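Colleague: Single-letter residue listing:
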Amino acid sequence: MNQENVIEIKNLTKMYGNHVGAKNLNLTVHKGEIMGFLGPNGAGKTTTIRCCLALIAKTAGEITIFGLDSHRDAVAIRKKTGYLPGDFGLIPSVKVKSYLKYLLSLSEYNSTKKMESLAERLQLDLDRKTNELSKGNKLKVGIVQSLMADPDLIILDEPSGLDPLMQQEFYHILREEKKQGKTVFMSSHNLAEVESVCDRVAIIRMGQLIVVEDIQVLQEKTGKVLEVEFRDSVTIDEFKLEGVSEIRQNNGRFILTIHKNLDNIIKAVSNHRILNMNLKTYSLEQLFLKYYTEEKVDERGDG
Amino acid sequence: MMFGRIACMELRTGWKGLLIFGLLVIIVSAGMPLIFPTYRNSLIEELEGASKVNLELPNEQGGNITLSWEPLENATSYMVLEDNRSSMVMAKLKYMGNETSITFEKDFEEKRYYAVMAVLNGTSDPVLIGIAATEKSEDPFQELMQNPAYAGLTGGRSISMLEVKGFIALEFFSWWWMLAGLFIAYLSVSVIASDFENKRMDVMFSTPISRRRYLVEKFSTMSVIALFIVLVASAGLAGGLTSINALNEISAEAVFLSLIGCLPFLMVIAAVGMLTAVFFQKVRVGMGITFAFVFAEFFLYTFGSFSKNLEWMKTISLFNYWDYLAVIIDGLFKTVDFIVLTILAIVLLIIGIWVFEKKDIPT
Chain P
743 MNQENVIEIK NLTKMYGNHV GAKNLNLTVH KGEIMGFLGP NGAGKTTTIR CCLALIAKTA
803 GEITIFGLDS HRDAVAIRKK TGYLPGDFGL IPSVKVKSYL KYLLSLSEYN STKKMESLAE
863 RLQLDLDRKT NELSKGNKLK VGIVQSLMAD PDLIILDEPS GLDPLMQQEF YHILREEKKQ
923 GKTVFMSSHN LAEVESVCDR VAIIRMGQLI VVEDIQVLQE KTGKVLEVEF RDSVTIDEFK
983 LEGVSEIRQN NGRFILTIHK NLDNIIKAVS NHRILNMNLK TYSLEQLFLK YYTEEKVDER
1043 GDG
Chain L
5 MMFGRIACME LRTGWKGLLI FGLLVIIVSA GMPLIFPTYR NSLIEELEGA SKVNLELPNE
65 QGGNITLSWE PLENATSYMV LEDNRSSMVM AKLKYMGNET SITFEKDFEE KRYYAVMAVL
125 NGTSDPVLIG IAATEKSEDP FQELMQNPAY AGLTGGRSIS MLEVKGFIAL EFFSWWWMLA
185 GLFIAYLSVS VIASDFENKR MDVMFSTPIS RRRYLVEKFS TMSVIALFIV LVASAGLAGG
245 LTSINALNEI SAEAVFLSLI GCLPFLMVIA AVGMLTAVFF QKVRVGMGIT FAFVFAEFFL
305 YTFGSFSKNL EWMKTISLFN YWDYLAVIID GLFKTVDFIV LTILAIVLLI IGIWVFEKKD
365 IPT
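Sequence lines, in order, name chains P and L. Residue 797 in this note's numbering sits at position 55 of the first sequence, and the numbers go up by one each step. Residue 245 in this note's numbering sits at position 241 of the second sequence, and the numbers go up by one each step.
Simulated from the structure, these hints should not be mistaken for laboratory data. Where hints are given, some of them may not hold.
[Said to hold, decoys possible] List time: in silico DSS-like cross-link candidates among lysine-lysine, alpha-carbon distance up to 30 Å:
#1 L:LYS20 - P:LYS877
#2 P:LYS752 - L:LYS362
#3 P:LYS871 - L:LYS20
#4 P:LYS920 - P:LYS966
#5 P:LYS856 - L:LYS362
#6 P:LYS752 - L:LYS20
#7 P:LYS821 - L:LYS203
The structure presented is a predicted model; accordingly, all values stated were derived computationally and were not measured.
Turn these sequences into a full structure, and let the hints steer you where they fit.
Modeller: Okay, here's the thing in structure tokens:
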């Protein structure tokens, strides 16, 4: 399949003195996908993103966005790109609306329609002063500004921090953008978040890319951990089903590592009287361990 | 785009502070001419005080000088100080006692000054009765200006503090460069460094704004602000001069031109402020360096005035290229100086852009 690449990162290295920000990083983001960029704090996600936007210089490597050189053609790229920084400040003492209009004018985008509809969906009051906003509302301003000029590429640096309802609405907005052919590149340190919204995920640790995977494949590879406690006695053999890679028994609790066939497994479990049940996603660290060692991960997933 | 949205936003969020500063400028620039008549009167009184002390010179070389003064009520004793400078900063005690006249031999050639003071009953500080000199002088400030140290600063001009011209030229501008210079230094650093410190750069440079345009717009904001304070100060000075009917002594045009002359001077400071702001990206560091720069320029000029051998210091000082005395005293506007400083400001701005384009924006 011949896919159009929106972002192409080749051998990106960024050093901060002796400290490695990113090392020999290769990554491609296709047009029309939501690409997750997963890694713990300090892994190099923000460094990579800020190199893409020419906010910082590269030490080595090449980045092309829309086929343009990230640093030489930075202004042209930014005309079609929206960006939510991980940390940002607003111009104080102006109304949110004036601030956003100001940014729109810098982007030479004349319509405020999208800005207004985004604000309404995220329940952001445009008449508030920028210095009177809560943390969540400030994040909403950041989200609105990243999307309001209708960019073809949306880069989001850890866009979490809204209350759960708003976060869902935000993911919904991102999926709509995707439907319109927009490309989303978002960083996160939360695997569950990436799973719920992304098509593909790139995992980064200590400045190095570990793996790029389809979300489905990732889920199958890593699986989920099901912890069940039963009222009645159950034998371990009942759960030796397809898709279960490991079963452990611990104080009457069954701990199952599941890769696929979740439906069948849950049905098998529901044959018994359940006292307690918990389904967890792997934590990032366990995921890294998985990809580093290619060994079985510890079952005690803690989400 | 030289003056665009960024510049407008800067003025929109900063107009209150600018207005307050403008008010201060107008109070001081209008107040300066207004206090001149009072100042002049007390200066004349002081000069008249000199006549309370009588100095008789000998007819021939090596004769005796007789110094006499009117007795003061309540005076317990009198003191006579001697110096060869009118400022009396290196004065030596010549006499102390109850007499109201002293006689001594004139065994020197140069001009000497005598200050007679009375120690009053019940007070510890002596009171000046008057000053006399071995040669006649009408305006001690004029003499002070002929002192080599000051002559360099005034370009060898004879400036009288008894004239409004001299008063404005020396008193107004001696604080104006500091007030305007430091204000511009502070603003030019903070309009950029505060964008770094408050993490506004990431959003700014996610819009299709180049770093060059950003700096050019900030620079043009500073030009507008500098022009504003220059116009306010001109209006204040002209207004003050009008109200004391002194516009025939200094024309409104001269006032305006002498202040316009400091525009490129202020823009060089702004360019230095912006350069330090993009390099250090911190308000405090940038301001410290830019303030130091402004004072360094002043000291370069002052030290350069002290000796012919140090004249090179003067040449590299910004103050050498803003000759407000030439405009006020001689009515001469130095266009070449204006152009030299303008070019310097633009060169510094270009260096600032070059540095900014190389620098990482910190998170």
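Colleague: A separate judgement is required for each hint: does it hold in the structure or not?
Modeller: Here is what the structure says about each hint:
Restraint check: the Cα-Cα separation between LYS20 of chain L and LYS877 of chain P comes to about 27 Å, which is no more than 30 Å; the hinted pair holds. About 21 Å separates the Cα atoms of LYS752 of chain P and LYS362 of chain L, which keeps this hinted pair within 30 Å; it holds. A hinted pair counts as satisfied when its Cα atoms are at most 30 Å apart, and LYS871 of chain P with LYS20 of chain L qualifies at roughly 17 Å. Proposed proximity of LYS920 of chain P and LYS966 of chain P is supported: the alpha carbons are some 27 Å apart, at most 30 Å.
For the hint pairing LYS856 of chain P with LYS362 of chain L, the CA-to-CA distance comes to about 35 Å; that exceeds 30 Å, so the pair is violated. Proposed proximity of LYS752 of chain P and LYS20 of chain L is contradicted: the alpha carbons are some 49 Å apart, above 30 Å. At most 30 Å may separate the alpha-carbon atoms for a hinted pair to count; LYS821 of chain P and LYS203 of chain L meet this at roughly 21 Å.
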